[in-house]
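Trainee: Sequence:
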Amino acid sequence: QVQLVESGGGLVQPGGSLRLSCAASGIMFRLNVMGWYRQAPGKERELVARILSDGYAVYADSVKGRFTISRDNAKKTVYLQMNSLKPEDTADYYCNEVGPQGPAWDWGQGREVIVSS
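Sequence positions in the sequence shown follow the numbering used here and run 35 to 151.
Source of the hints: derived by calculation from the structure; they are not laboratory data.
Some hints could be false.
Unchecked claim - Simulated crosslink set (DSSO-like; lysine-lysine; CA at most 30 angstroms straight-line): (1) Lys77 / Lys120; (2) Lys120 / Lys98; (3) Lys77 / Lys98; (4) Lys110 / Lys120; (5) Lys109 / Lys98.
Stated by the list, open to error - Label pairs and their calculated CB-CB ranges: (6) Glu146 / Gly49: 29 to 35 angstroms; (7) Val36 / Asn117: 16 to 22 angstroms; (8) Glu80 / Asn117: 16 to 22 angstroms; (9) Asp140 / Gly42: 31 to 37 angstroms.
Every residue, glycine too, gets a C-beta built ideally from N, C-alpha and C.
Please model the entire structure based on the sequences and the hints provided.
Mentor: Right under this line is the structure:
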């Protein structure tokens, strides 16, 4: 059974930083493309960053230069370091394997990130 367990997040002021972690189980992981998605209130879920098995990362334009995705294959964990946070980054954040047709597995519980003064 695949499980994706996110941790981290919380409330931060604009310009601040947060780090999210996602521990995966039930999948190979080291060969999989992993991604971080977010869903803001009233909006559709979007992919903000993905990382290939070799560590190559791709970012949405909205977070490029501010967010960094990384992975630890031994721990089956993917991270999202979020710097220079803006109010528009406020959303629920989720990790998942990025499959050919989108998210590969059922969603975990996600983590709330609120950027507000």
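Trainee: Could you run down the list of hints and mark each one as holding or not?
Mentor: Structure-based check of each hint:
1. Lys77 / Lys120: 17 angstroms, holds
2. Lys120 / Lys98: It holds: about 13 angstroms lies between the C-alpha atoms, which stays within 30 angstroms.
3. Lys77 / Lys98: 20 angstroms, holds
4. Lys110 / Lys120: 29 angstroms, holds
5. Lys109 / Lys98: 26 angstroms, holds
6. Glu146 / Gly49: 29 to 35 angstroms: The hint (29 to 35 angstroms, Cβ to Cβ) is violated, given that Glu146 and Gly49 are roughly 19 angstroms apart.
7. Val36 / Asn117: 16 to 22 angstroms: With a Cβ separation near 30 angstroms, Val36 and Asn117 fall outside 16 to 22 angstroms, so the hint is violated.
8. Glu80 / Asn117: 16 to 22 angstroms: 19 angstroms, holds
9. Asp140 / Gly42: 31 to 37 angstroms: 20 angstroms, violated
Figure legend: structure checked against the earlier numbered hints; hints not met, in rising order: 6, 7 and 9.
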